[in-house]
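Participant: Full structure from sequences and hints, please.
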Amino acid sequence: MLSQLSPHIRQYLVVTGNYWAFTLTDGALRMLVVLYFYSLGYDGLSIAMLFLFYEFFGVVTNLAGGWLGARIGLNKTMNIGLLLQILALSMLLVPAEYLLVPWVMAAQALSGIAKDLNKMSAKSSIKLLVADAEQSTLYKWVAILTGSKNALKGVGFFLGGLLLALIGFWWAIFAMAAMLSLIWLCSLWLLKRDLGKSSYKPKFRDMLSKSRAINLLSAARLCLFAARDVWFVVALPLFLASQFQWDHWQVGGFLALWVIGYGAVQSQAPRLTGKAKNRTPDGRQAVLWALLLCGLPAAIALSIELNWQVGPMLIGGLLLFGAVFAINSSLHSYLIVSYAGRDGVSLDVGFYYMANAMGRLLGTVLSGWLYLHFGLAACLWVSSALLVSTVLISLTLPRQQPEHTESP
1 MLSQLSPHIR
11 QYLVVTGNYW
21 AFTLTDGALR
31 MLVVLYFYSL
41 GYDGLSIAML
51 FLFYEFFGVV
61 TNLAGGWLGA
71 RIGLNKTMNI
81 GLLLQILALS
91 MLLVPAEYLL
101 VPWVMAAQAL
111 SGIAKDLNKM
121 SAKSSIKLLV
131 ADAEQSTLYK
141 WVAILTGSKN
151 ALKGVGFFLG
161 GLLLALIGFW
171 WAIFAMAAML
181 SLIWLCSLWL
191 LKRDLGKSSY
201 KPKFRDMLSK
211 SRAINLLSAA
221 RLCLFAARDV
231 WFVVALPLFL
241 ASQFQWDHWQ
251 VGGFLALWVI
261 GYGAVQSQAP
271 RLTGKAKNRT
281 PDGRQAVLWA
291 LLLCGLPAAI
301 ALSIELNWQV
311 GPMLIGGLLL
321 FGAVFAINSS
331 LHSYLIVSYA
341 GRDGVSLDVG
351 FYYMANAMGR
361 LLGTVLSGWL
371 YLHFGLAACL
381 WVSSALLVST
391 VLISLTLPRQ
401 QPEHTESP
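Residues in the sequence shown are numbered consecutively from 1, following the working numbering.
Derived by calculation from the structure, the hints in this document are not laboratory data. A quick note: this is a predicted structure, and the numbers were derived from the prediction, not measured. Where a beta carbon is used, it is the ideal one built from N, C-alpha and C, also for glycine. Hints should not be assumed to be uniformly reliable.
[To be verified] Label pairs and their calculated CB-CB ranges:
hint : residue 1 : residue 2 : range
1    : E97       : P312      : 24 to 30 angstroms
2    : S242      : I167      : 26 to 32 angstroms
3    : Y42       : R212      : 43 to 49 angstroms
4    : Q250      : A178      : 29 to 35 angstroms
5    : A299      : E97       : 44 to 50 angstroms
6    : Q250      : G168      : 21 to 27 angstroms
7    : L291      : G17       : 33 to 39 angstroms
8    : A299      : M179      : 29 to 35 angstroms
9    : S39       : S181      : 24 to 30 angstroms
Facilitator: Pasting the structure below:
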């Protein structure tokens, strides 16, 4: 059946399937680690710190990975990402007495490198599979890839909990490593050689973008994701557990459903932002949708400080925040792929996702520290301030359909 499709569609399906399989194991692994260490008596903040290297190495990997992809090809960086995830899973197959915090943090660091190599490769590949004139198709493909990835990450949360309950930690990790090994072998065979390989040999200094539009978009992305994770990663789960008396299954299940819904909205972003009028978004839409997001964390923070309808405001606000944030994220994901040059595309996309990872790292650290010292309301006020920064930066983005640019 694959042979009846056009070569570009076949490659898109291979890239997407590869990304889906990786994302499923990534979400399941996170939930397995969270629940397993929770059962050992670790508190929420200690568990969150297990993922600190996961986020930190995302910053380094996206920057260096974009340069590597331009030199050796995106097919190779995607397959290297899969192999590293298999190795990270294999590190957790040691006897239980050796699953110490430094060892698990090292495995998570390797998994973080793998995740960002895989993501950067997948997002960059789409640019090369769509003609420059077909911006509407590019937006649709990016939205589907991004939205389905986040929905599957939520499914992965459920899968991790289910596997832990049914077959235990060791066998769950083994099953995922075996499944991903099969995917890796298929990817080695099916993925086009030299996909995304630059016609020139980029120097290490070329990792830093020289495009004003990409630099501005990257700064906006950093603030956007820091604004989400400053209250979502550590503070929100701990607040739900301590103030609402939810157990870890209720917290994990609710957040997994939130991520699935978030991904579903992302995949529909083209319909919600002008595709019906045959328009693709530019800086104006980025400003509008970021502006719609600004007041939501502040409204929730105010309800907590006034102790007014805290439950409905938090849950309802979180759902609304997720929907509007998903549109913002999908818009940004399209804009970076559109702004990036075709030759050496991974350099631009890698730089952008480096800023994304830096925002996540900043948000994760701030989430734990602010919640510990000042509570959830403070995290939400900081989130609103970061979103205002996103709006101000977005005001400087190009106001027309992005032009094709080339990497240096």
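Participant: Determine whether the Cβ-Cβ distance between Y42 and R212 falls within the hinted range of 43 to 49 angstroms.
Facilitator: holds, 45 angstroms
Participant: Does the Cβ pair A299, M179 satisfy 29 to 35 angstroms?
Facilitator: 43 angstroms Cβ-Cβ, so the 29 to 35 angstroms window is violated.
Participant: Within 21 to 27 angstroms: is that where the Cβ-Cβ distance between Q250 and G168 falls?
Facilitator: Given about 22 angstroms between the Cβ atoms, the range holds.
Participant: Has the hinted range 44 to 50 angstroms been met by the Cβ atoms of A299 and E97?
Facilitator: holds, 48 angstroms
Participant: Evaluate the given range 29 to 35 angstroms for the C-beta pair formed by Q250 and A178.
Facilitator: Distance hint for Q250, A178 holds at roughly 31 angstroms.
Participant: Between E97 and P312, does the beta-carbon spacing fit 24 to 30 angstroms?
Facilitator: violated, 46 angstroms
Participant: Taking the beta carbons of S242 and I167, is their distance inside 26 to 32 angstroms?
Facilitator: holds, 31 angstroms
Participant: Starting from the hint 33 to 39 angstroms, judge whether the C-beta atoms of L291 and G17 obey it.
Facilitator: holds, 36 angstroms
Participant: Lying within 24 to 30 angstroms: is that true of the beta-carbon distance S39 to S181?
Facilitator: Since the Cβ atoms of S39 and S181 sit about 27 angstroms apart, the hinted range of 24 to 30 angstroms holds.
The structure shown violates the earlier hints numbered 1 and 8.
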